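Trainee: Next come the chains, spelled out residue by residue.
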Amino acid sequence: MMSKTNNFVFIVLHIIAWLIFVGLSVEAGGYVVNFFFSVYKPELIPNLYQKLDLTNLYSNSPLAFFGLYGFILFVSILKACLFYTVVILMHKINMEKPFSSLVASKISRISVITVTIGLMSYIALQISKNLSHHGLETGAIHEIWADSKAFILMGAVIYIIATIFKKGVELQNENDLTV
Amino acid sequence: MSLNELSEKVELTLSNLSILKTGKAKAIRFSTLEAICKALDCQPADILEYVPGKM
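From first to last, the protein sequence lines are chains P and W. One rule links them: number in the numbering used here = place in the first sequence (from 1) + 9. At position 32 of the second sequence (counting the first as 1) the number is 20 in the numbering used here, and the numbers step up by one without a gap.
These are computed hints drawn from the structure, not numbers from a lab. A quick note: this is a predicted structure, and the numbers were derived from the prediction, not measured. Mixed in with the good hints there might be a few duds.
[Claimed, not checked] Taking lysine-lysine and the BS3-like style, the derived pairs with C-alpha atoms no more than 30 Å apart in a straight line are:
1. P:LYS158 / P:LYS115
2. P:LYS115 / W:LYS14
3. P:LYS115 / W:LYS9
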């Protein structure tokens, strides 16, 4: 049985997860719109989301531009997916009997997505630094991937929790089948 | 003796008795075994059987 405080905290976390999911979806949508404007109407970029202007990069090296934008879109969509999984997890979890295979699979998925976000962000950050080093202007793009190491660490911690949770599911099943 | 009667006597739910009956149970508590033996007036060996190669 959950205490009143735990119940309240859980509801607040559920609401926060929803808000973050909506925010990240808007962010991902913003980057998609930015991408199309960067290619077709570069003059409108200063009025758009985060003013992420990569038009110089596009004119200097289209390959680098599409590569970096690919990373931006992939990571931002993956972040939205991550919080969608969190929202679904919080919706489906039964705190009276939390050790179910569905919850275990959701936590495993969260760990995989988090590590992927971290690794992709880290690779993208290194590539953009390398491009800057070779004289290509990448603007404020570094700031987007500043949290890559935090995601890798968080993913590793969640992976450990997911592994422990799987063992918990086995124990729960055994307990359910003990009469 | 019906399952309902047995479940009342040994204070087990019908779903737990069903788990026992269908062989899905992974373990049985000594207290449950004792209650069943008492209700059926038998020994554990009368209701348990070892089948080689079957878990």
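Trainee: So, for every hint listed, does it hold in this structure?
Mentor: Going through the hints against the structure:
1. P:LYS158 / P:LYS115: The hint holds at about 22 Å.
2. P:LYS115 / W:LYS14: holds (26 Å)
3. P:LYS115 / W:LYS9: The given pair, whose Cα atoms are some 33 Å apart, is violated under the 30 Å limit.
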